[in-house]
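Dock chain H against chain Y, hints included.
Respectively, the protein sequence lines represent chains Y and H.
Its first residue numbered 1, the first sequence is counted upward by one per residue in this note's numbering.
Its first residue numbered 1001, the second sequence is counted upward by one per residue in this note's numbering.
Derived from the structure by calculation, the hints contain no laboratory data.
Source: prediction; values computed, not measured.
Treat the hints with caution; some may be incorrect.
As the list claims (entries may be wrong) - Which residues of chain Y face chain H? A partial, calculated answer using Cβ under 8 Å:
#: 1; residue: Gly204
#: 2; residue: Thr281
#: 3; residue: Gly441
Said to hold, decoys possible - With a straight-line cut-off of 25 Å between C-alpha atoms, the simulated BS3-like cross-links for lysine-lysine are:
#: 4; chain 1: H; residue 1: Lys1176; chain 2: Y; residue 2: Lys167
#: 5; chain 1: Y; residue 1: Lys252; chain 2: Y; residue 2: Lys395
#: 6; chain 1: H; residue 1: Lys1215; chain 2: Y; residue 2: Lys90
#: 7; chain 1: H; residue 1: Lys1161; chain 2: H; residue 2: Lys1176
#: 8; chain 1: Y; residue 1: Lys250; chain 2: Y; residue 2: Lys9
#: 9; chain 1: H; residue 1: Lys1202; chain 2: Y; residue 2: Lys257
#: 10; chain 1: H; residue 1: Lys1215; chain 2: Y; residue 2: Lys250
#: 11; chain 1: H; residue 1: Lys1002; chain 2: Y; residue 2: Lys167
#: 12; chain 1: Y; residue 1: Lys168; chain 2: Y; residue 2: Lys9
#: 13; chain 1: H; residue 1: Lys1215; chain 2: H; residue 2: Lys1202
#: 14; chain 1: H; residue 1: Lys1202; chain 2: Y; residue 2: Lys168
#: 15; chain 1: Y; residue 1: Lys168; chain 2: H; residue 2: Lys1176
#: 16; chain 1: H; residue 1: Lys1202; chain 2: Y; residue 2: Lys51
#: 17; chain 1: Y; residue 1: Lys170; chain 2: Y; residue 2: Lys17
#: 18; chain 1: Y; residue 1: Lys51; chain 2: Y; residue 2: Lys90
#: 19; chain 1: Y; residue 1: Lys9; chain 2: Y; residue 2: Lys170
#: 20; chain 1: Y; residue 1: Lys17; chain 2: Y; residue 2: Lys257
#: 21; chain 1: H; residue 1: Lys1176; chain 2: Y; residue 2: Lys17
#: 22; chain 1: H; residue 1: Lys1202; chain 2: Y; residue 2: Lys167
#: 23; chain 1: H; residue 1: Lys1215; chain 2: Y; residue 2: Lys51
#: 24; chain 1: Y; residue 1: Lys257; chain 2: H; residue 2: Lys1002
#: 25; chain 1: H; residue 1: Lys1202; chain 2: Y; residue 2: Lys9
#: 26; chain 1: H; residue 1: Lys1215; chain 2: Y; residue 2: Lys252
#: 27; chain 1: Y; residue 1: Lys344; chain 2: Y; residue 2: Lys395
#: 28; chain 1: Y; residue 1: Lys90; chain 2: H; residue 2: Lys1034
#: 29; chain 1: Y; residue 1: Lys170; chain 2: H; residue 2: Lys1215
#: 30; chain 1: H; residue 1: Lys1034; chain 2: Y; residue 2: Lys51
#: 31; chain 1: Y; residue 1: Lys51; chain 2: Y; residue 2: Lys17
#: 32; chain 1: H; residue 1: Lys1176; chain 2: H; residue 2: Lys1002
#: 33; chain 1: Y; residue 1: Lys17; chain 2: Y; residue 2: Lys168
#: 34; chain 1: H; residue 1: Lys1202; chain 2: Y; residue 2: Lys17
#: 35; chain 1: Y; residue 1: Lys51; chain 2: H; residue 2: Lys1002
#: 36; chain 1: Y; residue 1: Lys344; chain 2: Y; residue 2: Lys369
Said to hold, decoys possible - A short list of chain Y residues far from chain H (calculated; beta carbon distances all over 10 Å):
#: 37; residue: Gly233
#: 38; residue: Ser269
#: 39; residue: Ala277
#: 40; residue: Ala286
Beta carbons are placed, not taken as given, at the ideal position from N, Cα and C, and that holds for glycine.
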Amino acid sequence: MAGQTLYDKLWQDHLVKSREDGTALIYIDRHLIHEVTSPQAFEGLRLAGRKPWRTDSVVATPDHNVPSDSAERAGGIDGIRDEVSRIQVKTLNENCNDFGIVEFGINEPGQGIVHVIGPETGATLPGMTVVCGDSHTSTHGALGALAHGIGTSEVEHVMATQCLIQKKMKNMLVRVDGELGPGVTAKDVVLAIIGRIGTAGGTGYAIEFGGSAIRSMSMEGRMTICNMAIEAGARAGMVAVDQVTLDYVKGKPYAPKGEQWEQAVENWSRLHSDDDAVFDTVVELAAGEIEPQVSWGTSPEMVASVNARVPDPAAEADQTRRTGIERALEYMGLRAGQAIGDIKLDRVFIGSCTNSRIEDLRAAAAVAKGRTKAGSVKQVLVVPGSQSVKAQAEKEGLHEIFTAAGFEWREPSCSMCLAMNADKLGAGEHCASTSNRNFEGRQGYGGRTHLVSPAMAAAAAVAGHFVDVREFVAAGETA
Amino acid sequence: MKAFTQHQGLVAPMDRANVDTDLIIPKQFLKSIKRTGFGPNLFDELRYLDEGMPGQDCSNRPLNPEFPLNHERYQGASVLLARENFGCGSSREHAPWALDDHGFRAIIAPSFADIFFNNCFKNGLLPIVLAEEVVEQLFQEMYAQEGYTLTIDLEQQHVVKPGGERIPFEVDSFRKHCLLNGLDDIGLTLEDADDIRAYEEKRRAQAPWLFDAVK
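This is chain Y alone, in the form it adopts within the complex:
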């Protein structure tokens, strides 16, 4: 019999029951919830007179609607100016109190973007099944977990039964071998992957990211990669457990301790694909060929190297794709053949569940240090992913580098990734953003998003247009 993939093992470990109709009941170890996709699920439980199956499996935090502005944030829930947002955050708080669920409240030390606080508190661990009513739950797969987003009906289902009804996905291996060049980061790698396989390339698959380039990445980098698995169409992305994983998890508040730690490490040592495991699809990329990426269109697959040009729809043979490119260029206000470096930025956003961890902020600060934002850039937001990231960054003095550069240092929230709080783009504004989606209107009505790495975003903030961070850093050093 052929060996098993990491996904096969995680699936088998959580299989409660296979049914005759081909579906399976899969047990869920960790259920993360936030204010946007949970209220209707709690309402459903109440209407049916049901209780959560296991409250100790649930961790909640408000992130999408909470203000990033320090003054507004200081007022807690009652201080949220937008009434509809306030009600939603308050509803989460009330539901958690009513049902006995642990919540990291709006200004509590554990609060942050749900996909940042899970790993950093040890609430998400290797070998777990992790779900959340949020498609970027794939992030937690970086720990060697089976993690994916679910809809609100499934949030209710998991709360009521601790299980999901699933069909097994197919296995895809994305292998990135070799060494990344200087200035090329996990974000560039995942954008290059999506550019290669497309936004539907991973539909129906669980993607395992492997190869020497992934192995040599930090946990933060692996989280960035897994975070955007959904942008390639895959509900789940994952990376095998190795020493980097164990070093990261050890000592986290909710991680096992003492004898249980030893037991867990032994249990987790098998969380990798066997040498003879069979994947349905294998995609290979050479790390050395990946350049800093910038998205030019309205889908994450519409991405190019910073030194490339905006594509010409006339060169696209497929009609649906050609129309898609034409529409994207019109929405984005770009010309075919325009150099990516000629795109001027109105705002810059550094944050989101993709790129708001300490390593991301360090990368942005390294570029921003001793420089200032271009006068033509109206605003540069730096939004740490959690209270803990914020505290660490302040301890390292990163906030001072940012404010000296004219960047704004904000409070932990999803912020301008999806503009559910007050942070948004104006119509027609171009934004260099470290977030995950460049869909029409995503960052604000009529806003134009360009997805980039934190270092690229910081460089764009300083230059006022896209620049190759590799040359930029080198030039700065010799200057």
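What follows is chain H alone, placed relative to chain Y:
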């Protein structure tokens, strides 16, 4: 959940690939804590010429005359004809809620994003995957004939064209069963509560750190 057995309805186009859930229902409407009332804001940024706000009366907003769902001929449509990778992006169930609230019962496309596809079934909305060339043919027929309707028979698993031609489609047997009978799958899963408890005890013995850590 409301049952879906057979449905005959007017077909309307969403003629672009990779329609994401932000496009189906923009984020500002996700602030609602209800499941209903999203219909007027379905495809909000395409449908209206101004920026929509939650709680706003949409009846006086300027409509985008170029958007097909605003055209007279597609009023009352309940079958949406779409292109590949429909529903990509976020997991927001507000997307199927908005489609349902607007009156759609079925969506036909060459492919759907996984989470959206799954969310549809939880809300009595039937996503149907047909081959790309079949979908292309349906688009052409729909554009050519005003009042173009399709009949969808879930029991028999086929789409019936106005001329009587039948196009078979696949559907997962469990989802079909739930949809035909309007079943609440939480109730069904709870019938297996003993199996879940047995699994849980085994799991607790093997991996005790997964239990009671967060309190």
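Compare the distance between the alpha carbons of lysine 1202/H and lysine 257/Y with 25 Å, and conclude whether the hinted pair is satisfied.
-> holds (21 Å)
Could you grab the alpha-carbon distance between lysine 168/Y and lysine 9/Y and see if it respects the 25 Å cut-off? holds (12 Å)
Report task. For the pair we were handed, lysine 1202/H and lysine 168/Y, check the Cα-Cα distance against 25 Å. Result -> Roughly 22 Å between the alpha carbons, so the hint for lysine 1202/H and lysine 168/Y holds.
| In terms of Cβ atoms, is chain H entirely out of 10 Å range of alanine 277/Y? | Given a closest Cβ separation of 22 Å, the condition holds.
| Can we trust that serine 269/Y is non-interface, i.e. its beta-carbon lies farther than 10 Å from all of chain H? | holds (13 Å)
request  = Measure nothing beyond the straight line between the CA atoms of lysine 1176/H and lysine 167/Y; if it is 25 Å or shorter, mark the hint as holding.
outcome  = holds (14 Å)
Hint check: lysine 1215/H vs lysine 51/Y, CA-CA at most 25 Å. Holds or violated?
Holds - the C-alpha atoms of lysine 51/Y and lysine 1215/H are around 16 Å apart, at most 25 Å.
Pairwise hint evaluation, lysine 167/Y against lysine 1002/H, where the allowed Cα distance is 25 Å at most: holds (23 Å)
| query | Under the criterion that the straight-line Cα-Cα distance not exceed 25 Å, is the pair lysine 17/Y, lysine 257/Y satisfied? | reply | violated (31 Å)
task: Assess, step by step, whether the Cα of lysine 51/Y is no farther than 25 Å from the Cα of lysine 17/Y, and give holds or violated.
output: holds (22 Å)
>> Against the 25 Å threshold, does the CA-CA distance of lysine 168/Y and lysine 1176/H hold or violate the hint?
In response: Distance ~18 Å between lysine 168/Y and lysine 1176/H Cα, so the pair holds.
Assess, step by step, whether the Cα of lysine 1202/H is no farther than 25 Å from the Cα of lysine 167/Y, and give holds or violated.
holds (22 Å)
The earlier numbered hints that this structure contradicts are 2, 20, 24, 27, 29 and 37.
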